[in-house]
Amino acid sequence: MNKQRLSLWWFVGTLVFALLSMLVPLPGVLEPFKPYWPALFLLYWSLESEDRVTLGLAFMVGLGADLLNGVVLGEQALRLCALVFIALRFRSRLRFFPMWQQALAVLALLLNDRILLLIVRVLAGASLPPASWWISPFVGAALWPFLFLLLDDLRARLRIQ
Amino acid sequence: MARTRDESSPLFAGNAAGTLRLIFYLALAVVLMVLDHRNGWLWRLRYTASAVVEPMYRLAGLPAVGVRTVSVAFADRQRLTEQNQRLREDLLLANAKLNRMAAVAEQNQRLKELLDTQHSLELNVQLARVVGVDLGAYRYQLTLNMGARDGVRPGQPVIDAHGVMGQVKEVLPTTSVVMLITDPSHAIPVVIERTGLRTVAYGSRDGDQLALPNLPLAADVRASDKLLTSGLGGRFPPGFPVGEVVSVAPAATGMFQVAQARPAADLDRSEDVLLLHDQAEPDGPPAPVTPMGPPAELAPGTSSAAPPMPTPTSHGATP
Numbered sequence: 116m117n118k119q120r121l122s123l124w125w126f127v128g129t130l131v132f133a134l135l136s137m138l139v140p141l142p143g144v145l146e147p148f149k150p151y152w153p154a155l156f157l158l159y160w161s162l163e164s165e166d167r168v169t170l171g172l173a174f175m176v177g178l179g180a181d182l183l184n185g186v187v188l189g190e191q192a193l194r195l196c197a198l199v200f201i202a203l204r205f206r207s208r209l210r211f212f213p214m215w216q217q218a219l220a221v222l223a224l225l226l227n228d229r230i231l232l233l234i235v236r237v238l239a240g241a242s243l244p245p246a247s248w249w250i251s252p253f254v255g256a257a258l259w260p261f262l263f264l265l266l267d268d269l270r271a272r273l274r275i276q
Numbered sequence: 011m012a013r014t015r016d017e018s019s020p021l022f023a024g025n026a027a028g029t030l031r032l033i034f035y036l037a038l039a040v041v042l043m044v045l046d047h048r049n050g051w052l053w054r055l056r057y058t059a060s061a062v063v064e065p066m067y068r069l070a071g072l073p074a075v076g077v078r079t080v081s082v083a084f085a086d087r088q089r090l091t092e093q094n095q096r097l098r099e100d101l102l103l104a105n106a107k108l109n110r111m112a113a114v115a116e117q118n119q120r121l122k123e124l125l126d127t128q129h130s131l132e133l134n135v136q137l138a139r140v141v142g143v144d145l146g147a148y149r150y151q152l153t154l155n156m157g158a159r160d161g162v163r164p165g166q167p168v169i170d171a172h173g174v175m176g177q178v179k180e181v182l183p184t185t186s187v188v189m190l191i192t193d194p195s196h197a198i199p200v201v202i203e204r205t206g207l208r209t210v211a212y213g214s215r216d217g218d219q220l221a222l223p224n225l226p227l228a229a230d231v232r233a234s235d236k237l238l239t240s241g242l243g244g245r246f247p248p249g250f251p252v253g254e255v256v257s258v259a260p261a262a263t264g265m266f267q268v269a270q271a272r273p274a275a276d277l278d279r280s281e282d283v284l285l286l287h288d289q290a291e292p293d294g295p296p297a298p299v300t301p302m303g304p305p306a307e308l309a310p311g312t313s314s315a316a317p318p319m320p321t322p323t324s325h326g327a328t329p
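Sequence order for the protein chains is R and X. Numbered according to my numbering, the first sequence spans residues 116 to 276. Numbered according to my numbering, the second sequence spans residues 11 to 329.
With the rest of the complex left out, here is chain X (with noise of 0.2 Å):
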């Protein structure tokens, strides 16, 4: 039997239709590159066939899940206490600093509601769990066990207790990928606390800073400046912490500073995470005003017939 096989594959001579079926076949990916890198098929199709995909994600974050479990089955008493205690520290200090902050939260509204702003300072969150999964996009990008079927959108901001993790990317019927703002071609608006300095921090190579390129060579920036989401753009709500600088020097070019951020929330080692359901306030103008004619009391004629004029207008308007 084997004796057969080998003599069709010669040691040497390669057959012309081995390598016009590789050139089909290389064609046929390329095209499906193209093709896909133009209108995101790779999105939809996984969409369709989530019923594989999902469980295969499940599957694969199995592991995961089970080297947890295991660490926390065998992790020592002594520790776990001491993990309890801290825990209950700093929950203690956070509903210190929630009750101080309730009533400053309450003037700020009534403030608010004098200024005519709709900025609220709620928060209408999700929680949601990482999936350990590795989508082979060098550790930029995140799984959730959250999706369509739970409210989730592309383009939602993902917080965890320290700050800005990212944005849910991309969307199935039951679990979600977050863009974190580390990967190189992600940007977020940012402020410097200190200064109020608007510019942007972009993700960066090495998959764990963030960098901000184009600072003005007279702005004073420092390290240990935070910096907080600035809300322009419209994706991001503005105040969330994003990182903190580490150093700061003149790019090689002299036109610019260049800072390097370290991302404030655990990018690394969150389990649980949060979606921030309100988004930013919508960029751009302000939708347009319907357009009406002049108040119907002031219109000629009879000042009681108001109530019944729109509706014959209307009528003879629609055609």
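Only chain R is shown next, with the shape it has when bound in the complex (with noise of 0.2 Å):
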């Protein structure tokens, strides 16, 4: 009971601990390079705890994230809603793909997620990003391993699923 809790805590934590660490700013010259949080966080979670992640889920931490610091309302909850249905739709594969294979498929998420931004932003009538903007999926792959690892280890620390 108590674990089962814990477990629900560590989840909504981690979510949380996601989109504040998209508000927090980089300096100045590393600005380009920070990855998006909460994508990379939902991916872990709709890969190793399928039940938990559904697409109302990925919707409302969307618009929790939109709420904290979109442009428009709905944005990333719709960005955010298309990474995970990919995510699951593919979750037995990319759940037995070696390290590498993995990061590059969440590469290919993440850059699916800058065309959608990109489209969404385009047509309300923003004006294109600087090509420095295209660096940040890159990041958030390259931190893939890092990141899986680690709050697999945390979880197994805890020992809670």
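Keep in mind the hints are simulated off the structure, nothing from the lab. Mixed in with the good hints there might be a few duds.
To be verified - 20 Å max Cα-Cα, derived SDA-like pairs, lysine to any residue:
#1 K179(X) <-> L182(R)
#2 K149(R) <-> R229(R)
#3 K149(R) <-> Q151(X)
#4 K179(X) <-> A239(R)
#5 K149(R) <-> A74(X)
#6 K179(X) <-> R236(R)
#7 K149(R) <-> Y150(X)
#8 K149(R) <-> D278(X)
#9 K149(R) <-> P73(X)
#10 K149(R) <-> E123(X)
#11 K149(R) <-> M66(X)
#12 K179(X) <-> S242(R)
#13 K149(R) <-> D216(X)
#14 K149(R) <-> V77(X)
What the hints assert, rightly or not - A partial selection of chain R residues facing chain X, derived with a Cβ cut-off under 7 Å:
#15 V139
#16 L183
#17 N184
#18 G189
#19 V237
Claimed, not checked - Calculated Cβ distances over 10 Å to all of chain R for the following chain X residues:
#20 L90
#21 N105
#22 D230
#23 G249
#24 A259
#25 G264
#26 L284
As the structure is a prediction and not an experimental result, all values here were calculated from the model. Built from N, CA and C at the ideal position, the CB exists for glycine as well.
Using the supplied hints, reconstruct the complex from the two chains, each of which is provided in its own coordinate frame.
Below, the structure written as structure tokens:
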């Protein structure tokens, strides 16, 4: 009982942490390198515990993220929904990929996410972002193995699922 | 446990229900986006949820504060002494200049009174601190720790010691978001100090420069020309430094000259900014004068009944 509650808190806590780290600014030079944290954390959870992560949850997390730092309400909800849908669809295969292939898959997902964002922004009338804007998915993919192993390790230490 | 779950998600076949759900959520998101784009719900929602949103901003701003504190704590003594010395010199210089200006300002005030203009040189400002939060709009925004409860209103100009930074875009109870002048969707009316040419400075895509895309070909604009706010449009008061022209080149169309300018304000280094309280003089025609009849003394009849006259007439006019 207690274990279940702990694991639920752990799950919610990581998502809130992801939203917070999305808000934390980096020094000017590093700014384009900031990965899209909510996507990475949601990806981890959709690979590891499928029964918790649903499209509805992705939508709610996206709405929360929009409330915190959105340009348009529903933008990140759309992006995270698409991301989680693809991740859940290919979950069984992604889980058994070696780590480098998984990182490549994450890169593809994050690039797809950026393209979605670009479409939304351009349709909303914003100007095209600078070229350095495309660095972020690569950083996210490069960080993926470390994030995955770290979260897995923490989960094993806390003995929760 | 895990096995039963895996059976529910087959390796290859996708189920139609999942796709339908995806389409439903995507449609919902698109509807939300369109509605928000039209009505600006996001900010009303954010205002309502400010009890949750603002602590998150403050929490996310903590690392920036920490870094600042640590950098002060570990800064070597010599650098601090140097900085202190420089600040003291700056203050001395500024004070000396102010003293000289005081006489001129006084004279200016008297002349203006003679000319009957209301435009004053005094500044009514409020100091605000920048909260280190990344609101994801490629660094065209700034978050301040003052909001509606401190009397901040959307549209208020924001300046720092060197020049105009931007204007308040949205206000939460104790937080406000500033749109910087380098935002591509921002435009500020400027005047070139040397020649008096009026034009408009837009933000640019790179985020750290201003663009003046429609200067006439014959206009006399050179690098290192200073740009000041012109006060047209009624948003920014006139006479504040905006930037300095870096380069001038003919536009690709050959119809105009295009100039690039560097903002005068320290857009990405300021920690404290000033919110201007008195906005520029309202634009447009003056407010209509309340209609009134001829002076009471000229009214036919007795001249002694002047004071009580208006009350019966206004009573008569109301129904």
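Here is what the structure says about each hint:
no.	hint	verdict
1	K179(X) <-> L182(R)	holds, 16 Å
2	K149(R) <-> R229(R)	holds, 13 Å
3	K149(R) <-> Q151(X)	holds, 17 Å
4	K179(X) <-> A239(R)	holds, 18 Å
5	K149(R) <-> A74(X)	holds, 15 Å
6	K179(X) <-> R236(R)	holds, 19 Å
7	K149(R) <-> Y150(X)	holds, 16 Å
8	K149(R) <-> D278(X)	holds, 17 Å
9	K149(R) <-> P73(X)	holds, 15 Å
10	K149(R) <-> E123(X)	violated, 55 Å
11	K149(R) <-> M66(X)	holds, 19 Å
12	K179(X) <-> S242(R)	holds, 18 Å
13	K149(R) <-> D216(X)	holds, 17 Å
14	K149(R) <-> V77(X)	holds, 18 Å
15	V139	holds, 5 Å
16	L183	holds, 6 Å
17	N184	holds, 4 Å
18	G189	holds, 3 Å
19	V237	violated, 13 Å
20	L90	holds, 21 Å
21	N105	holds, 33 Å
22	D230	holds, 30 Å
23	G249	holds, 30 Å
24	A259	holds, 20 Å
25	G264	holds, 23 Å
26	L284	holds, 22 Å
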